[in-house]
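K.L.:
We have chain A; now place chain B onto it with these hints.
Residue numbers (this note's numbering), protein chains in the order written: chain A, 1 to 557; chain B, 1 to 681.
Worth flagging that the hints you see were computed from the coordinates, not collected in a lab. On a predicted model such as this, the values are computed, not experimentally measured, just so you know. Nothing false has been slipped in among the hints.
Think about it this way: if two alpha-carbon atoms lie no more than 20 angstroms apart in a straight line, the pair counts; the simulated SDA-like pairs of lysine to any residue are:
| no. | chain 1 | residue 1 | chain 2 | residue 2 |
| --- | --- | --- | --- | --- |
| 1 | A | 203 | B | 460 |
| 2 | B | 108 | B | 312 |
| 3 | A | 422 | B | 496 |
| 4 | B | 432 | A | 184 |
| 5 | A | 500 | A | 142 |
| 6 | A | 422 | B | 537 |
| 7 | B | 108 | A | 395 |
| 8 | B | 108 | A | 396 |
| 9 | A | 154 | A | 80 |
| 10 | A | 203 | B | 624 |
| 11 | A | 422 | B | 542 |
| 12 | A | 422 | A | 367 |
| 13 | B | 432 | A | 195 |
| 14 | A | 203 | B | 662 |
| 15 | B | 108 | A | 434 |
| 16 | B | 108 | A | 414 |
| 17 | A | 422 | B | 491 |
| 18 | A | 422 | B | 583 |
| 19 | A | 203 | B | 457 |
| 20 | A | 203 | B | 435 |
To give a feel for the contact side, a few chain A residues facing chain B, derived at Cβ under 8 angstroms:
| no. | residue |
| --- | --- |
| 21 | 5 |
| 22 | 7 |
| 23 | 9 |
| 24 | 21 |
| 25 | 22 |
| 26 | 33 |
| 27 | 222 |
| 28 | 400 |
| 29 | 418 |
| 30 | 420 |
| 31 | 448 |
Using N, Cα and C, we set each Cβ at its ideal position, and we do this for glycine too.
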Amino acid sequence: MRTLDPITTEIVRNAFSAAADEMNATLIRSAYTPVIYEMKDCSVALLDAEHRVLGQSAGLPIFLGNLEICTRATEELYGRDAWQPGDVWIMNDSYMTGTHLNDMTVFGPIFVDGELTGFAASRAHWLDVGAKDPGGPMDSTEIYQEGIRLGPTKVVEGGVQRRDVTDLLGRNSRFGYPAVGDLGAQIACVRTGQRRLEAIVAKYGRETIEAARDEIFAQTERLERAAVRAIPDGVYRAEGCIDNDGRSDEPVWVRLAVEIRGDEMTIDLTESDDARRGPVNCGEAQAISACRVAYKLLINPESPPNGGAFRPLTVKVRRGSLLGAEEPYPCQWYFTPLGLLIDLVVKALADVLPERSAAASYGDSMIIGLAGVDHRNGRPWFDLEPTVGGWGAWHGSDGEDGLINNVNGSLKDLPIEVLETKYPLRLTHYGFRADSGGAGRWRGGNGVVREYTIDCEQAELFLWFERSVTPAWGLFGGHDATPPVVVVNPGRDDERRLLKASRVPLRRGDVVRTMTGGGGGFGDPRERDPERVRRDVRDGHVTPATAWTVYGVEVEG
Amino acid sequence: MSRFRVSMDIGGTFTDVVAYDEERGTYVAGKSSTTPRDLTAGVLDALGTIDAHPELCGFVVHGTTQGLNAFLQRRGERVLLLATAGAGDVYHIARGNRTRLYDIHFRKPTPLVPRSDIVEIGGRLDWAGEELEPLDADAVRAAARRAREEGIASIAVAFLFSYLNPAHELAAEEILLEELGDAVTISLSHRIAREWREYERTSSTVLDAYISPIVRRYLDRLEGELVSRGLAVPLHVMQSSGGIVTAQSARQMSLHTLLSGPVGGTMGGVALARSLGRPNLICVDMGGTSFDVSLVVDGRPDVSTETSLEGFPLLMSVVNIHTIGAGGGSIAYAEAGGLRVGPESAGADPGPACYGRGGTRPTVTDANLVLGRVDPAWFAGGQMTLDVEAAREAVAGLAEELGLDTVELAEGICDVINAKMAQAIRTLTVEKGIEPREFALVAFGGAGPMHAAFLAQELEVPEVIVPRFPGAFSAWGMLETEIRKDLARSYYTPLADLDPEDLCAVLSEQEREAYETLAAEGIDRGRARVEHALDVRYVAQEYTLTIPLEGADEPRRSGFDAALSSRFDRAHEQRFGHANPGAPIELVTARTTGFGDLGRAAPRRLDGRPGATYEYEERSIVFGRRELMARVARREALAPGAVVEGPAVIVEATATTVVPPGATLRVDELGSLVIAIGEGA
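So that you can see chain A by itself, here it is in the shape it has in the complex:
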């Protein structure tokens, strides 16, 4: 193997990473649906011919380092000869890709001078893929209820987009235009990756590129092994549950053991519960991805991942468990246990990585859906929103108040003015929920209260609120946070409390008050600087009663 000077290596490293950024820019700027360009519910990667990551753009963390699964799976099914110049493929099978059917992965081989040199891949969330309910069901029991399911399928052949496959995809979505639009954006993204890798190889030469790649991978591996080695050897455990699977009331347990031995880390998930009848299962690939996110949060978080990353990490998944789901278990809400899993890895290692850890966040997407027919124009409408909540505190800082959860990328909430213009709803209250963050020397962030009033004759309510059984935990003496609560018609005779629900009928004037949980506290609240407690009371984040009973600070109300 030829060794290369560090200058060329660094220039090539930047070129790979810029190529991935360009792919991402192409995808986000031309995507049709807000889930992609706003939630960044997407990810792109440039791979070498052996399916190793040359460059990946920081899209949705939960897609970290598993796009190569798709090119590998295709090769396993159809052989290496299946790759032909100018082709682009698409797939979404949950058991192969690990994720729910809404996530479409579009990828293609890159040939330079007739030789297979790499792959470009992009994954993005499509609004609707023809499940039994719009967007995706909350109570599916089999994957067949969750939409169209594709193994690797050619959507562009020899540079020409296949009309039959495009038509098939459009017909299988309730929103055909955006689906075909997003497909176009993903194909454009793959083509950008193809062009950039061709240009990089043309500029530096194949031999240089390969030598640079090997050195880049080696650098990343060295950095990560050093970081893992710095953690004391041992086995660190954590467990927690999500409330239920959407079908029964039984909690669903995620249990993990993190073993550090020298410069190797193993995350063992095999003790987690069996696959469930409700849609909270995920394919193995996505469980591995979530472990990689947690690993990345603690090890070498600054540098973009490449084929040298995650080499010190082994993940053990049990087939048939909820984290290694097999046909026909439903996967629509696959990310609910994974958000918990990520928090649990941080918790397990908190004692040995106190400075890098943080108390738990409010934990899940906290989805509210409202649908009906708009009396103003007679059109059907559907408002689907995740809700922000509190994040965990850490050594040296309070947790953030009212922030979107981990798996929703950089999603922004829906402005009141946009919401009321688009839908026959009134948003009568949107503000912080005092005392919902766990108390601590560093206070957990507060959740929010968001209250909707129905302003049309009839509507339906959908809810997916989670983490009431395992609310955000505190660390090092910090208190746990308050769990979420949703109340329909508070203070009225027909008041009801719900967390998960599908198609609950509502009438004009009905009120839905959602309250999200806070983040956990960090450190003993009695050690909190009294001036900070007074400021929290002044700002309304902590009530005078809590200031006195929990923090021991007397403040006039």
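P.N.:
This is chain B only, laid out in the frame that chain A set:
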């Protein structure tokens, strides 16, 4: 007596002045140290250096960083924010998004107004602007009393749906004025940005309130000083949009002056595009710590309708400037056996090792010095002597760690930073759907001309232009712009439901308002022009494209729907590479912009003498790992028509231009250095 058209740009270290002398048909540039305690003193000094005394000035424009500095240093005015009851936390929730995804320690930017200074006021409008609940006048009065008692001098008012119906905000203003007189400044959200999205509008309004008293005091003082020294024309101020307004109207809309300084460079690019007949330019401004890229497309600046600053969104027209952390001060270091350059910067203090202020880590400036591309005795026009040995030592230390030769690493550091900057430019152009090869590159700022030719090689851009006064190009650019007033109103409707008469009425109303405000700026009808545009998107998209209209009455013309749709499809195709013809579209915002022509300098073109000779010395400089003999010439020595073959270095007071081997520099008749890149080395 008006002889000079003058522009003044106050930077952190220097105050630049550029004047166009109408008698001679030439430009002169002057400079003095910025006087932070009393900026007017520095301005007057700088004017003095070129004898452009206020009474001789027929036109004066100014780029101010007052508001920006107050914001960046968080020493703005304490603000009391009045918000709609039930929505008072909107400003702190800040839409709840995260901008760093792999970070469990993420915090939003600290809001400029603490939660305890936000007052919720009863009163509510609905989505159509109809009143659901009247304004709680008593609550406004109580807030006014609180402001008086606590000595709060600036009040921001941002109520829901005020962009549709400003009645509640106006009523609140009346009460506040009754109670407080004009001792306080009041910023109303519908005046700052008449667009939907309450958080973005509130954030814009709060920032205006935060800087407004400071900007007003400053402009009052500066204009007062200039007038007392004989200035007989109104002072003009640069806006973030690239247009200018009188100081009088800048006082009413301080927010629009926020990015007044840096956009001058882009507007210089626009003027250069006009005079050179090259409509497409990539403008690069490289200083000590940052590298700014902006674009001129079809002779127009690339202007956005919103931006964000340190995480705070702002609804206002702004010239897009893309900043990356790469500059002369970027530090090179080793990580896991690999070389890294930046984004960490040595800044100005300690600065690069060669500054001799205690810096020991090698920077890009040190690398250039080791290579001989910077003249140690002529840095910053001879105001600073650089320590070559210190630079060599710093680079040698890292070279040893990486197993490289010192000179090899020095060139490697430049190669890496050039590649990073070129990639940043390429990513930006991909986002805009632009092919860099069809552009020329304009380089300014102290370090821009040193790296520009290498960036051009990377990007396959054929030509680099280094304008006159590259260190004061921003000031020069301000001289070449025009009055600009932007008006916008949310106008949300699917095209299928559009009432054309209603839209025409909104546009005509805005047109009338635009002419009125231009008249208030002293622009008569003959020198005024108005343009209209609509923000449009496919139904279900979020981002919009701004599509120009042919006039305020276009929506009522027959075939308008089809014309607008196809114009939008074409723009979408161009920008994003694909379109969806036939898919339904919707309108989001109606925009009207008024421009006022203030006349322009008409500089004499200098007679070119092809092959003009010039004085130079020769020095050995490293290119492509080899030492080559290169010509080093002073820019003043190069007459129009002079041709310099690379390798060469051109030095002048504010910048150094590097011409690599294979490239050819020619001086054009306006005095610009035009470098044809050739095949490169």
